[in-house]
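Asks: The lines below spell out each chain.
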Amino acid sequence: MNKELKKRGLRFYASIYFKIIAQDFKSKMSYRADFIISMLGMILTNISGFVTFYIMFQNFETINGWNYYEMLFLYGFSLIALTPMQCLFDNNWNLRYAVYDGSFIKYCFRPINIFFYFISEVFDVKGLGQLLMGSLTLGYAWHNLGLQMTVGKAFLLVAALLTGSLFMIAIMNLAAATCFWLVNSGFVMVTMFKFTEYARYPVTIFQGIFRGLFTFVIPIAFVAYYPSYIFLRPGLPVLTCLSPLFGIFFFWVSYRVWMLGASRYSGTGN
Amino acid sequence: MESIITLKNVSKEFKVLNRHEGIKGGFQDLFSRDYKIIRAVNDVSMEIMPGEICGYLGPNGAGKSTTIKMMTGVLEPTSGEILVNGRIPYKNRTENAQNIGVVFGQRSQLWWALPLIESFKLLRDIYQIDEKDFKDMMELYESLVDIKELYSKPVRQMSLGQRTLSDILAAFLHNPGVVFLDEPTIGLDVSMKSKIRDLIKALNHEKKTTVILTTHDMGDVDALCKRIVIIDKGVMLYDNSIENLRSFFGAYRTLRLRFTKDASQLTEDALKKQAAELAVDLKNVYPQVKSISVSVGEEWVDVLLNEDEIPLMKVLSHIQETRRIYDVQLKEISTESVIKKIYDKEIE
Amino acid sequence: MKKKIWKYLTLLRVGILEEMQFRLGAVTKLFGNIIYLIIIYFLWKAIFAGAPTEVVNGMTFEDTMIYLVLASALFYTMEMYVTWDMGRRIKSGDIVVDFLRPMGYIKFQVLSLSGNTIVSAVTSLLPTMIIVYLITGGGFALSCNLLFFTAAIMIGTVLNYFINFFVGTICFYTESIWGINIMKEVIVLLLSGASIPLAFFPETLQKVVYYLPFQAIYNTPLKLLIDNSLSLQSRMSMLGLQLFWTVVVGCISYAFFKISVRRITVNGG
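Chains as they are written, first to last, in this note's numbering: chain A, 27 to 296; chain B, 54 to 401; chain C, 14 to 282.
So that you can see chain A by itself, here it is in the shape it has in the complex:
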C-alpha cells in the first residue's frame, strides 16, 4: 500500500500534459464542423480588430508619435503574446461555471496540482489562428520598418514574446480567480480581456497615475510596449530590462492567488 511514489516534478507534469494535449487534439479533430466554426470566429475577430485599426489610421497618420508600421508591429506582437494564454490557459473561461455549479470539486480529488489539472484539461486549437495572423502582421511590419534579423535579435524577440505572454496569462489568471470571491465574475474576465486588447497601443498615450495604473496594476504595458521597445526605439528603458523578471514574478503571484481561491473553495454543496 505505502509504496514509494516518485516525486511529482516538472518531468511528471510535462509528460502528463503532452499526453492530455495529444489525446485532446485527436478528439477535437473528429469534430470538424465545430473546429471550422471556431477557426472562422477567431479569424473574424482578428479581421475586425484589423479593420478597427485600419479605420483609425485612415483618419489619423500617427498615434502619439508612432507611425503606422510601428503601431502594426505592436499589434502583431500583442497578438502573438496573446497566443499561449489563448491556447493553453483557455479553461480559465470555464472556471466560474465550474465553481458556481459545484463541479469544480472534482479537481480537488486527484493527487496532482489543482491549477495544473484544471488548466491542462483544455487545449484551444483556434488560438493558433491568432498566432498565424500575429506572425504575418509582425513580419510585415518588421519588413516595412527595415529592421534587421540576426540570431541575437531572434533570440531577443522570442524572449520578449514570452515575457508578454507571461503577463497576459497572469492577468487572465487573476481575472478568472475572482470567481472564487465574486458572484458575477464573468464581467471581470470580459473586462480584463478587453483591456488586454489595448495592450497594442503604446502606454505613453496614458498620462499621470494612469500610466502607472496600466504599468503596475493592470500591467498591459508589459504585454507589448515594453518588451518590443528594444526593436523600435533606441535606448533601453529600465522597465524593458526588468520585464522578464516582472513577468515571472507576476505569473507566480497570479498562480498563488488562483490557488488561494481554490483552497478557499468548498463546493457550493447545497
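No lab work stands behind these hints: they were computed from the structure. From the three backbone atoms N, C-alpha and C, an ideal C-beta is built for every residue, glycine too. Possibly wrong hints are sitting among the right ones.
To be verified - Output of the computed footprint for chain B on chain A, the stretches with three or more beta carbons under 8 Å from beta carbons of chain B:
id : segment
1  : 48-60
2  : 127-137
Said to hold, decoys possible - With a straight-line Cα cutoff of 25 Å, these simulated PhoX-like cross-link-like pairs (lysine-lysine) come out:
id : chain 1 : residue 1 : chain 2 : residue 2
3  : A       : 54        : C       : 104
4  : B       : 393       : B       : 325
5  : C       : 197       : A       : 54
6  : A       : 52        : B       : 201
7  : A       : 45        : B       : 174
8  : B       : 174       : A       : 54
9  : B       : 393       : A       : 54
Given chain A, put chains B and C in place with the hints provided.
Replies: Leaving out everything else, chains B and C in the frame of chain A:
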C-alpha cells in the same frame, strides 16, 4: 483491528450572508455585513473499519456532503479530528488523494472528450500505478463488467449508466484504501442499478476496499451496507447495523395488499387513490392507533403497523370486510420505512 | 387582463432582483467601466493629437468622447448573454424545460431581460449621462430628444434580443457555441458603431452599414440623443427604421426557432 477512518467530535461551520427580501433588501445586501453562522456538521464521531461498506444517510441538506468533503481533504473542519488512512486529510491533500477514490455527484470526473481507455491510462500515470497492477486491475474489471466495448467511447457520448460505471471503475483503479461514492445509482434504471451494486460489492470483496456510500435509495443500502450512519441537521442520529435498527421495530409488520385483479394495469394515481381511501378508513376505525401508516409500493398498497399496538389480523379482517382483496403479503418493516421513521424522529 | 399584467410585472421584478443580487459584482462592474472609459479617453486624445485638424469627419474630440462614453454605457446597459445561455441550454437539453413555460419562452426572456436593462439603465447609463452632461456643460440637449432616446433604447433592446436569439438558435445545429458567439459579438460591435463612431468609417463601408440592422441597436439611440440638427421627421423615420428592423429580425428569428424546434423534436435531437 484499527479503524481506517476516524472522526472525533467533528464540526463544521459556515458563514452565510443574511439576504434581505425584495428590491430594497437587494440594495441593503450590497453593503450588508450581516452574517449568520450555520453549523452544517455538529459534533460527529465515528470509526470505520477497513473493508466495511458503510451507508451514510440523511435527508437533503443534512450535512452529508460536508462530511464527505472533510474526509476527502477538500474542507477543513472547524473543530474536531479526522484521520483517513492514518492521515489528516486537509493537511496533505495530494497524499490523501493518492489513497482515496471519489465519485461525487452525477458529473463525470473523467476527461470529457477522451475515449475511456485513454482516461484510464492518464489516471495510471497520475496515480503512478505499476504497469502490472494496472493490467491486473483491468483484467479484473473485464471479468466483472462488459467494459471492453466502452474503451474507445468518449465519456461525453456515454449514457448516464455507462458514465457512472466508468467513474466507479476509475475511482477503484489505483486500488485506494477508501472509496467515497455519492449517490452512485441516482437516475439509473432498475437493471443498471443492480449492475452497479453488484460491481461495488465485487470490488469491495476483491480488493477489501472500504466504501463510504451516501444515497437516498434504500435499495442500495439493502444490497450493500451492513452498517449505516444517519445524520440530520448536522447531528448524528444513528450509527450501527441495519439489523439492529430493524430490531427497534421488531413488532412492526408491513401488510401488502392488492385490491385489483391485474395490478400491473393499475395507474400510479389510481393506486395512490386506493391507498388514500384506505388510510382515511383506518383512521376512522382506529383513531387511537398512531402506528398505522398507508403507503404505495411497487404495485402494492402497503399498510405498516405496530403489532404491540394493534394485532395485524384485526386490521386485516376489517379491510376484508370492507374491500375485496385479491392478493396479500406479509413482510417485515422495510429499510425505507425504518429510515423514514428515524428522519421523522419517531424513535429516539 | 389585469392578472396578465401582474404576471408580467412579477417577471420584470424577478429580472430586477436577479441583477441586484450581484453584490460585489456591481462594484466591480462600475470600476471596470471607469477604467475602460479612461482608456478610450487617452487613446482618442492621443489620436486627435496626431491629427492635422481639430475636426475629423465632422467630429471634434469632445463629440467623439461623448459618443464613445455614452456608447459604452449603452453597451453595458443592453448587454445580454442570451446566445451563451441558449447555447448552453441547448447543449445540455435544458431548453426543453423552457418550452414548458406557459407564457412562451420568448416573452419570458424579453421580460426578464427588460428588468435587467432597467436596473442597468438606472445604475450605469443614467449616472454616466449626468456626468457627461455636467463635464461637457450641456453636451447634449435636455428636451424631447430624451424621449426619443428612451424609446430608441427600448426598441434597440428588443432588436438586440432578437439578434441574440437568432444566433442562439443556430446552436441547435452546431456544438461550437464559442465560435458562433464570437462572430456575432465581433460583427455587432463593429457594425453597430459601438467601438468606433460610424462617421469615421470609409464611405462605402458606411453605406453598407446603414443597410444592416446592427446600427439600429446603438447608433440610432445615440444619434437621437446627441445630434440636435435632426428634424422631427427624420427622428421619426429613424425610429421607424429601427422598428422595421425589430419586426423583420423578430419574425425571422421566431420562424427560424420554430423550424429548428420542430426539426429537433421530430428527429429527437
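Asks: Against this structure, judge whether each hint is valid.
Replies: Results of checking the hints against the structure:
{"no.": "1", "hint": "48-60", "verdict": "holds (count 4)"}
{"no.": "2", "hint": "127-137", "verdict": "holds (count 8)"}
{"no.": "3", "hint": "A:54 <-> C:104", "verdict": "holds, 17 Å"}
{"no.": "4", "hint": "B:393 <-> B:325", "verdict": "holds, 19 Å"}
{"no.": "5", "hint": "C:197 <-> A:54", "verdict": "holds, 23 Å"}
{"no.": "6", "hint": "A:52 <-> B:201", "verdict": "holds, 21 Å"}
{"no.": "7", "hint": "A:45 <-> B:174", "verdict": "holds, 10 Å"}
{"no.": "8", "hint": "B:174 <-> A:54", "verdict": "holds, 19 Å"}
{"no.": "9", "hint": "B:393 <-> A:54", "verdict": "violated, 48 Å"}
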